[in-house]
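A.B. asks: So the protein lines, in turn, are chains A and E.
Count the first sequence with my numbering and you get residues 1 to 391, in order.
Count the second sequence with my numbering and you get residues 1 to 216, in order.
Just so you know, these hints were derived from the structure itself, not from any lab.
Quick reminder that beta carbons are idealized off the backbone N, C-alpha and C, glycines included.
Among the hints, a few may not be true.
Derived coverage of chain A by chain E (criterion: at least 3 residues anywhere in the stretch with Cβ under 8 Å from a Cβ of chain E; other residues may be distant) [claimed, not checked]: (1) 55-65; (2) 93-106; (3) 271-280.
Residue-level listing of the chains:
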Amino acid sequence: MAAQALSGRAAIVHDLALENYGFGGDHPFNPLRVRLALELCEALGLLEDYPFVSPRPAAEDDLTTVHTITYVRMVQKAGRSHSPPSDLLDYGLGTPDNPIFPDMHEACARVVGGVLAACRIVMAGEADHAMCISGGLHHALRSRASGFCVYNDAGVAISRLKEEHPGIRIAYVDTDAHHGDGVQWMFYSDPDVLTVSMHESGRYLFPGSGGVDEKGRNGGVGYSVNVPLEPFTDDESWISCFEAVVPEVLRAFDPDLILSQNGCDGHALDPLTHLSATTRLYEHVPKRMHDLAHELCRGRWVATGGGGYDIWRVVPRAWTALWATVSHQELPERVSKDWLSKWSGKSPVGLPPLLRDDSEDYPQGPRLAKLAERNLRTVDEVVEKVLPRIQ
Amino acid sequence: MLLVKDSMTREIVTLAPDETVGTALALCRERRIRHLPVLTEGRLVGIVSDRDLRSATPAFGDQARAAALQEILVEDVMVSDVVSALPDDPIEQAANTMRDHKIGCLPVVESGELVGIITSSDVMSALVYLVGANEPGSRMEIAVPDRPGSLAGAAGVFGMCGINIVSAAMGPTREPKEEGVVRERVVVFRVDTIDTTEVVGYLEEAGYSVLWPPKP
Numbered sequence: 001m002a003a004q005a006l007s008g009r010a011a012i013v014h015d016l017a018l019e020n021y022g023f024g025g026d027h028p029f030n031p032l033r034v035r036l037a038l039e040l041c042e043a044l045g046l047l048e049d050y051p052f053v054s055p056r057p058a059a060e061d062d063l064t065t066v067h068t069i070t071y072v073r074m075v076q077k078a079g080r081s082h083s084p085p086s087d088l089l090d091y092g093l094g095t096p097d098n099p100i101f102p103d104m105h106e107a108c109a110r111v112v113g114g115v116l117a118a119c120r121i122v123m124a125g126e127a128d129h130a131m132c133i134s135g136g137l138h139h140a141l142r143s144r145a146s147g148f149c150v151y152n153d154a155g156v157a158i159s160r161l162k163e164e165h166p167g168i169r170i171a172y173v174d175t176d177a178h179h180g181d182g183v184q185w186m187f188y189s190d191p192d193v194l195t196v197s198m199h200e201s202g203r204y205l206f207p208g209s210g211g212v213d214e215k216g217r218n219g220g221v222g223y224s225v226n227v228p229l230e231p232f233t234d235d236e237s238w239i240s241c242f243e244a245v246v247p248e249v250l251r252a253f254d255p256d257l258i259l260s261q262n263g264c265d266g267h268a269l270d271p272l273t274h275l276s277a278t279t280r281l282y283e284h285v286p287k288r289m290h291d292l293a294h295e296l297c298r299g300r301w302v303a304t305g306g307g308g309y310d311i312w313r314v315v316p317r318a319w320t321a322l323w324a325t326v327s328h329q330e331l332p333e334r335v336s337k338d339w340l341s342k343w344s345g346k347s348p349v350g351l352p353p354l355l356r357d358d359s360e361d362y363p364q365g366p367r368l369a370k371l372a373e374r375n376l377r378t379v380d381e382v383v384e385k386v387l388p389r390i391q
Numbered sequence: 001m002l003l004v005k006d007s008m009t010r011e012i013v014t015l016a017p018d019e020t021v022g023t024a025l026a027l028c029r030e031r032r033i034r035h036l037p038v039l040t041e042g043r044l045v046g047i048v049s050d051r052d053l054r055s056a057t058p059a060f061g062d063q064a065r066a067a068a069l070q071e072i073l074v075e076d077v078m079v080s081d082v083v084s085a086l087p088d089d090p091i092e093q094a095a096n097t098m099r100d101h102k103i104g105c106l107p108v109v110e111s112g113e114l115v116g117i118i119t120s121s122d123v124m125s126a127l128v129y130l131v132g133a134n135e136p137g138s139r140m141e142i143a144v145p146d147r148p149g150s151l152a153g154a155a156g157v158f159g160m161c162g163i164n165i166v167s168a169a170m171g172p173t174r175e176p177k178e179e180g181v182v183r184e185r186v187v188v189f190r191v192d193t194i195d196t197t198e199v200v201g202y203l204e205e206a207g208y209s210v211l212w213p214p215k216p
């Protein structure tokens, strides 16, 4: 394979204990999605040369690089006690989105440890690219759990890398359907951290932020890039917006490492959002992140997971495509028979037999041309107002 | 809450009537403001906007401009019949006054003394906070019958699901699509959740029509 010659090594950071991050019951953030994705990779033979690297949980002082100690204590208490403190709700904990579960601090700190480990492996040159699919909890705020996210793995990893490699420039690229608000706010005035988020417009969708005008503060103006897309945006328009913005802003910034958040909840089947992408997008984005990492920062690229709530039909295939790119392996055409026979009895919906969606199954809506035009206007605004501020 | 005094600017840049238009325009530029109250011995006697100042002076490039900037005085161009607000006025009243008079700002006066200034962009900020757009949340639009208890009923469904309401804004009635049907009002809820699927189900079961989010 041509890519093999370009760059060799990839690492996958995972541990069964990472699958303890979940909220139980019918909660949409179900760790089964990670299991389904990795088992699909395995069944397709994509993990043969890649043993899991097992991470240590993040330490308390890793977490407090971006979270307050009061908040960390609250998470610790919430996961331990039988009578949770009454001010839990002030920290976004114990809500339907972020219910408390036993040992939640440990489970959440382990996810952070996973992404931190992936970043360190890449920075140490032990691998060119690394993936930790449990990561990508981009909504977690300084003192508040939000949108299924308790600790902000990308935030901690970026802060730690900044300490360990003074002067490092990190580009964070978030293609989850929701705005990457937590990471953005953590580095809002930092010109050494570029955050790029493409998401369904916050006019209606959670968390509501992520307009083009959120472009950073003080010295960080220009280093927060937001591309809000219209509801019902399809692959075609999404990819053309991605191509018009992401390569240019990354080139202007010239990072030392790219950290990508690969939420796949912009898929047409996702129950929580209103975008209309297919697996085509989730094959395109990783490929481009890979190429840009080689063009700009000697291949240094760390990929995390993120949102994705059609856990049967979308998440396994999208993240298999991600891993295939991270590890320079060809994406097979068909979903493995073994995987299908193991899971189809348990799935409430029919499982697709092919790894790639057929565009015929996703007919174009009537207003698509209008949406695409509006998206292009957004892109023009980003290119005019934000891009020139990046140095 | 939501009074003029909660949103007004208290540090005010003011002018005296005998200052020149040139000085006034320079102030607007430096401080990036568009409205300047004019005071005589602490009393409000007028107001000028950057637009009043500009339209009173020759255009850029006109040779007469430099001289005019020095010669024309603030009192020659200011509006003396000033529409003002009280600190305890509700913000919606200030907004309505600005809208009626087609003006962008109101000096805030208490016992004859200028205590602040409120502009249309202050009103905008108040609106952002009012609808909770500065906090994470999902925006939902729900049509409820224009009858007592409708809002409480819809809000109760969120309470039952344990979802906190960040803000609720109810609009005017809209005409029903068919005759004989109760008129409806649209309520915009901003709620602290990423996942609205369950609550949408309960709202529809309870007979409310959810206009956004759309059904999957």
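A.B. asks: Hints broken by the structure, by number, lowest first?
C.D. replies: Hint check: 1 fails alone, others pass.
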